[in-house]
Amino acid sequence: MKLPIFMDYHSTTPMDPRVLEAMKPYFVEEFGNAASRNHKFGWTAEAAVEKARKQLAALIGASEKEIVFTSGATESNNLAIKGVVEFYKDKGDHIITMTTEHKAVLDTCKRLERQRLDRIDELKLQRLMELTGRDVTPDELATLEIKHGLENDALLKRWIDKVRVGARVTYLSPKKDGLIDLDALRAAITDKTVLVSVMLANNEIGVVQPVAEIGAICREKGVLFHTDAVQGVGKIPFDVETAKADLVSITAHKMYGPKGVGALYVRRKPRVRIAALIDGGGHERGMRSGTLNVAGIVGFGAAAEIARAELGAEGQRISGLRDRLWAGLSKNLDLLTVNGSLEHRLPGNLNVSFAYVEGEAVMMAIKDVAVSSGSACTSASLEPSYVLRALGVDEDMAHSSIRFGLGRFSTAEEVDFVIDLVTRAVKKLRDMSPLYEMAKEGIDLKSIAWTAH
Amino acid sequence: MAYSEKVIEHYENSRNVGTLDKEDPNVGTGLVGAPACGDLMRLQLKISDDGIVQDAKFKTYGCGSAIASSSLVSEWVKGKSVDEAQTITNKEIARELSLPPVKIHCSVLAEDAIKAAIKDFQEKRAKRQAQAVVAPKAETPAQP
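So the protein lines, in turn, are chains E and V. The first sequence begins at 0 in numbering that gives the first Met the number 0 and counts up one residue at a time. The second sequence begins at 0 in numbering that gives the first Met the number 0 and counts up one residue at a time.
Think of the hints as simulated: they come from the structure by calculation, not from any bench. For every residue, glycine included, the Cβ atom is placed at its ideal position computed from N, Cα and C. One or more hints might be untrue.
Under the rule of at most 16 angstroms between Cα atoms (straight-line distance), these lysine to aspartate or glutamate pairs were calculated in the EDC-like manner [stated by the list, open to error]:
hint, chain 1, residue 1, chain 2, residue 2
1, E, K366, V, E4
2, V, K56, E, D430
3, E, K156, E, D120
4, E, K366, V, E11
5, E, K426, V, E83
6, E, K427, V, E11
7, E, K88, E, E112
8, V, K77, V, D48
9, V, K56, E, E144
10, E, K366, V, E8
11, V, K21, E, E440
12, E, K330, E, D419
13, V, K56, V, D20
14, V, K21, E, E436
15, E, K191, E, E219
16, E, K330, E, D415
17, V, K90, V, D111
18, E, K156, E, E144
19, V, K118, V, E83
Using C-beta positions, here's what the derived DEER-type ranges look like [as the list claims (entries may be wrong)]:
hint, chain 1, residue 1, chain 2, residue 2, range
20, E, D138, V, R94, 39 to 45 angstroms
21, V, R94, E, A187, 52 to 58 angstroms
22, V, E11, E, T410, 24 to 30 angstroms
23, E, N151, V, K114, 42 to 48 angstroms
24, E, T422, V, N12, 56 to 62 angstroms
25, V, E11, E, A187, 47 to 53 angstroms
Could you put the whole structure together from the sequences, leaning on the hints where they help?
Here it is in structure tokens:
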């Protein structure tokens, strides 16, 4: 067994050697630009891209005409959300998403919200200039807004109704197990809702959302459905027809392909339109200009084909390893909590809180194993995982969480090694944890007024 | 982020992990931090009647830097007088362990833990002396 052990398959995956083999010819020999229509170099590159497009489409039950290649899932999420909001701005301006989404979705939504509020502020300033008959600076907005009763200003209201910039966003909280509340989703949809964006599987807790039900609700209400499927595609069965998904973000490097290439599925029947973010040569049917990353796309296609052939057996093997890991840890240690539903979960994900020890300290003790933690100490923000907090996990338990991610190259031997190492680390850290000692003495830790600093 | 060698050394071979009898009149207990913030430090000092720190034990819930900071101060305070121990600053701790800026709060916590433990000891002693004056007079009345 080779050290260090990689057990962080949600962050990225190693490339499958078969993928690398497929890519190799497209760097030096077949280097053509897929957009060169008039010579053999271009034709070869184009043929390779089209083959990959078919391979990827087949994995998700789509037509190759519905695949738009991008630089990765962050771009795909941006393109889907901003593209829909801009294209459908005359139809509505409301988006529904969840608090547990990836930052690529949440921060995109936040920007759209801010753009709309900035536009409204401009209108307020204009209205105040009319009412005061003089120039008004942004600093005066807060006071003058109240003084002139803008809240009930009928004209301003009509102006705001005409705003077509940015969006309003509803962030749905998950249930305790991380799953979406479908009734809450249904209730949140208004006649101004243009898009629902809910991920297929969560990157921290691996919880798999009922996308087919979400898709059905969206279809019934005439709202577009986007899913960030990065963590799920290639790991669990996913089909755009079953999910009734209109837009799907995917990336190659989470499924044993290369980094720097992703895709957005854009439904053709019924036709979904998006405004481009990147303008230029009109590549990808105008939805994403820029010379195609031919070698990367070839690798993406190869990775998709391997995933399609092996997904079933691989999923079983990996969920077996995950269950072995959980059985071993829970046999050796008490006071463990699995975060998120164990039933609706990616095969390779285990997210555990080890009560009374801190996640980064555990990671330091098992430094031969690459995992990830929801502890604030591992983030720049000094806040514990927002995903765990959204589930209602207490802050101390969020600090105590470790995410194990298993994948294609994980072995039972590695799992057993990790069980042993983590057991020893947690026992040692609990021996030096005042919280563990107090809890064992029967002190109610929630009753203590801590001196937070 | 890479840890300094000293942090790793104190983390892997932590000194003075343990518990002193908090009912012992010569033991001061300092508990600082909060589980919600991801770190909680308990430092206990056994202080002789002439004000010398004879023993120190700690238990810490927190990251490697918090554990290393606790371990370091538990070593530093031993043999020092209460007054000397009070002068240990977070800057010295951070410098000794080469803590990066995001971990400075661990050293602040360790400094606070020393001060809290000494305060607890002094309060206990003051209470004891007060009781010594009042005690002979009457039995402690029952709590209402």
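> Taking 16 angstroms as the top limit, are the C-alpha atoms of V:K77 and V:D48 close enough?
Replying inline: Holds. V:K77 to V:D48 sits at ~15 angstroms (cutoff 16 angstroms).
> Can the restraint linking E:K366 and V:E8 be considered satisfied, given a maximum Cα separation of 16 angstroms?
Replying inline: It holds: about 14 angstroms lies between the C-alpha atoms, which stays within 16 angstroms.
>> Holds or violated: V:K56 and E:D430, Cα atoms, limit 16 angstroms.
In response: holds (13 angstroms)
> Is the straight-line distance between the alpha-carbon of E:K156 and that of E:E144 16 angstroms or less?
Replying inline: At roughly 13 angstroms apart (the allowed maximum being 16 angstroms), E:E144 and E:K156 satisfy the hint.
> Quick one, are V:K21 and E:E436 close enough, alpha carbons at most 16 angstroms?
Replying inline: With a Cα-Cα distance of about 13 angstroms, the restraint between V:K21 and E:E436 holds, given a limit of 16 angstroms.
> Straight-line Cα separation of E:K191 and E:E219 no greater than 16 angstroms?
Replying inline: holds (15 angstroms)
> Is it true that the C-beta distance of V:E11 to E:A187 lies inside 47 to 53 angstroms, as the hint says?
Replying inline: The hint (47 to 53 angstroms, Cβ to Cβ) holds, given that V:E11 and E:A187 are roughly 51 angstroms apart.
>> Can you confirm whether the C-alpha distance between E:K88 and E:E112 stays at or below 16 angstroms?
In response: Holds - the C-alpha atoms of E:E112 and E:K88 are around 14 angstroms apart, at most 16 angstroms.
>> For E:K330 and E:D415, compute the direct alpha-carbon distance and say whether it is at most 16 angstroms.
In response: Status holds; Cα separation ~13 angstroms.
>> E:K366 and V:E11 were given as a pair; does the straight-line alpha-carbon distance stay at or below 16 angstroms?
In response: holds (12 angstroms)
> Can the suggested window of 24 to 30 angstroms be confirmed for the beta-carbon pair V:E11 and E:T410?
Replying inline: Holds - the Cβ-Cβ distance for V:E11 and E:T410, about 27 angstroms, lies within 24 to 30 angstroms.
> Between E:K330 and E:D419, does the CA-CA distance stay at or below 16 angstroms?
Replying inline: Measuring from Cα to Cα gives roughly 11 angstroms; hence the hint holds.
Against the hints set out earlier in the document, violations occur for numbers 5, 9, 23 and 24.
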